[in-house]
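Peer 1: One letter stands for each residue in the lines below.
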Amino acid sequence: MLSNFNHTTRRRFCTLLGTSALLGIATENLASVAQTNAPATDTDAISILVDDHRRIEALMNQIAQTPASDPTQRSQLLQQLIDLLTVHNFSEENLVYPAIRDIANLPGDATTLYQEQDQTKVLVFELNQLPKSDPDWGNLFTTFQNALLSHVAQEENVDFPRLRTAVGPKLSVLTTQMLQLRSHWS
Amino acid sequence: MKLYQKLMVSSVSAFGVFLTIVSTSTKAAAVTSDPEFTFSYSSVTSSSNAITASGELMTDAYDPTTNAYPITGIIGTRNGITIDSLIPSGGYLNDNLLIAGSPVLGYGGFSYSAGGQDYNVFHNISEYNELSNSGAFAVNFSLTPQPIQPATVVPEPSVLGGVVSVGVIAIGVLLKRRLNMNINQT
Numbered sequence: 001m002l003s004n005f006n007h008t009t010r011r012r013f014c015t016l017l018g019t020s021a022l023l024g025i026a027t028e029n030l031a032s033v034a035q036t037n038a039p040a041t042d043t044d045a046i047s048i049l050v051d052d053h054r055r056i057e058a059l060m061n062q063i064a065q066t067p068a069s070d071p072t073q074r075s076q077l078l079q080q081l082i083d084l085l086t087v088h089n090f091s092e093e094n095l096v097y098p099a100i101r102d103i104a105n106l107p108g109d110a111t112t113l114y115q116e117q118d119q120t121k122v123l124v125f126e127l128n129q130l131p132k133s134d135p136d137w138g139n140l141f142t143t144f145q146n147a148l149l150s151h152v153a154q155e156e157n158v159d160f161p162r163l164r165t166a167v168g169p170k171l172s173v174l175t176t177q178m179l180q181l182r183s184h185w186s
Numbered sequence: 001m002k003l004y005q006k007l008m009v010s011s012v013s014a015f016g017v018f019l020t021i022v023s024t025s026t027k028a029a030a031v032t033s034d035p036e037f038t039f040s041y042s043s044v045t046s047s048s049n050a051i052t053a054s055g056e057l058m059t060d061a062y063d064p065t066t067n068a069y070p071i072t073g074i075i076g077t078r079n080g081i082t083i084d085s086l087i088p089s090g091g092y093l094n095d096n097l098l099i100a101g102s103p104v105l106g107y108g109g110f111s112y113s114a115g116g117q118d119y120n121v122f123h124n125i126s127e128y129n130e131l132s133n134s135g136a137f138a139v140n141f142s143l144t145p146q147p148i149q150p151a152t153v154v155p156e157p158s159v160l161g162g163v164v165s166v167g168v169i170a171i172g173v174l175l176k177r178r179l180n181m182n183i184n185q186t
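From first to last, the protein sequence lines stand for chains A and B.
Residues 1 to 186 (the working numbering) make up the first sequence, in order.
Residues 1 to 186 (the working numbering) make up the second sequence, in order.
Derived from the structure by calculation, the hints contain no laboratory data.
Note that this is a predicted model, so its numbers are computed, not measured.
There could be a bad hint or two in this list.
[As the list claims (entries may be wrong)] One-sided excerpt, in silico: chain B residues whose CB lies under 8 Å from chain A: (1) T65; (2) L86; (3) Y92; (4) L93; (5) D95; (6) S102; (7) P103; (8) G115; (9) G116; (10) N120; (11) L131.
[What the hints assert, rightly or not] Estimated spans, in silico, between C-beta atoms of each pair: (12) I81(B) - P98(A): 33 to 39 Å; (13) D134(A) - P145(B): 25 to 31 Å; (14) D134(A) - E127(B): 27 to 33 Å.
[Said to hold, decoys possible] Over the 12 Å line for every Cβ pair with chain B, so calculated as not near, a few chain A residues: (15) D102; (16) A110; (17) P135; (18) N139.
Quick reminder that beta carbons are idealized off the backbone N, C-alpha and C, glycines included.
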């Protein structure tokens with residue numbers, strides 16, 4: 001009876017031990033897979049930002065075409081643009097610009113991009129504050145639009161391609177990090 | 001003996017449940033606490049645009065996706081005027097995040113209204129700034145306590161598996177010792 005008890009207890013003990021060990025190994029493997037493989041998407045961090053740019057440009061065109069006689073529409077579209085820029089800028093400032101500085105080894109370009117975002121911020125503040133029916137609002141918006149288009153051209157024609165080359169296959173890591181960051185707003 | 005056997009098996013199960021409860025409570029404590037931070041800032045240069053602001057920032061618990069504490073509310077004064085409200089994320093490209101690092105604000109920073117005016121406090125590439133109708137001015141910004149990653153780390157599932165394994169081994173050793181004692185006695 002005693003030997004039977006020993007055997008039963010040991011078997012249960014081994015089962016418990018085995019299960020917990022298996023649990024540990026399985027979760028460990030899962031974690032390492034999650035760390036090394038980007039999520040199954042048909043895009044990457046840079047493509048996400050370029051896609052943002054197209055949406056930003058489309059919204060800016062809509063705003064530019066909205067007359068001063070329709071300040072409500074201007075306000076609504078501007079808010080949509082600001083919401084998009086908030087997430088977009090956060091992604092760039094916290095992930096992509098540091099990568100442009102450190103991985104693509106373009107510290108000067110990164111600094112310029114940061115400064116341009118800073119100027120954009122001031123213009124957004126002014127656009128928000130100025131009544132949307134003010135005769136100067138359209139001109140201020142044009143200044144903002146031109147500044148942003150120039151900034152986008154610099155990124156897409158110079159810095160993003162150089163980052164893509166420099167970062168190589170590790171772009172998937174950047175993509176994972178960006179999707180995590182952006183999930184805060186989704 | 002059967003009773004003893006059942007008691008031992010129950011002890012192992014109870015220990016497992018205990019570990020689960022402990023790990024769950026640890027996770028809950030890390031996620032549900034809503035910290036408050038005391039802030040103050042003043043203009044760097046003495047000019048006609050002298051700024052002095054102070055108060056408290058209420059936040060949600062630390063969010064690992066952004067490595068930050070999302071700001072949910074604000075109380076305080078700016079140049080003696082009571083701060084009315086926090087402006088939601090996106091108002092002036094503000095992200096309303098207190099970063100667990102240095103600087104504690106990013107390019108987005110936080111925005112608030114006081115006396116009918118809006119203000120955005122942020123950190124650009126080199127310094128903290130306050131952006132208002134009067135423009136952007138460098139400020140000395142301080143925060144207490146410093147936002148850091150919570151000391152209570154949520155255990156990874158694999159770590160938890162390891163802890164359970166160690167616990168089961170410990171119980172097993174105790175069990176075996178008692179059984180050996182029983183054998184010697186009989």
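Peer 1: Are the hints correct? Go through all of them and say.
Peer 2: Evaluation of the provided hints:
1. T65: Status holds, d = 5 Å.
2. L86: violated, 15 Å
3. Y92: Interface hint status for Y92(B): holds (5 Å vs cutoff 8 Å).
4. L93: holds, 5 Å
5. D95: holds, 5 Å
6. S102: Violated: closest Cβ of chain A sits about 14 Å from S102(B), beyond 8 Å.
7. P103: Interface hint status for P103(B): violated (12 Å vs cutoff 8 Å).
8. G115: Because about 14 Å separates G115(B) from the closest Cβ in chain A, which is outside the 8 Å limit, the hint is violated.
9. G116: violated, 11 Å
10. N120: holds, 6 Å
11. L131: For L131(B), the interface hint holds, since the closest Cβ of chain A sits about 5 Å away, which is under 8 Å.
12. I81(B) - P98(A): 33 to 39 Å: holds, 37 Å
13. D134(A) - P145(B): 25 to 31 Å: With a Cβ separation near 43 Å, D134(A) and P145(B) fall outside 25 to 31 Å, so the hint is violated.
14. D134(A) - E127(B): 27 to 33 Å: Given range 27 to 33 Å: holds, Cβ gap about 31 Å.
15. D102: holds, 15 Å
16. A110: Nearest chain B Cβ is 9 Å from A110(A), so the label is violated.
17. P135: holds, 19 Å
18. N139: N139(A) clear of chain B: closest Cβ-Cβ about 18 Å, beyond 12 Å.
When each numbered hint is compared with the structure, violations occur for hints 2, 6, 7, 8, 9, 13, 16.
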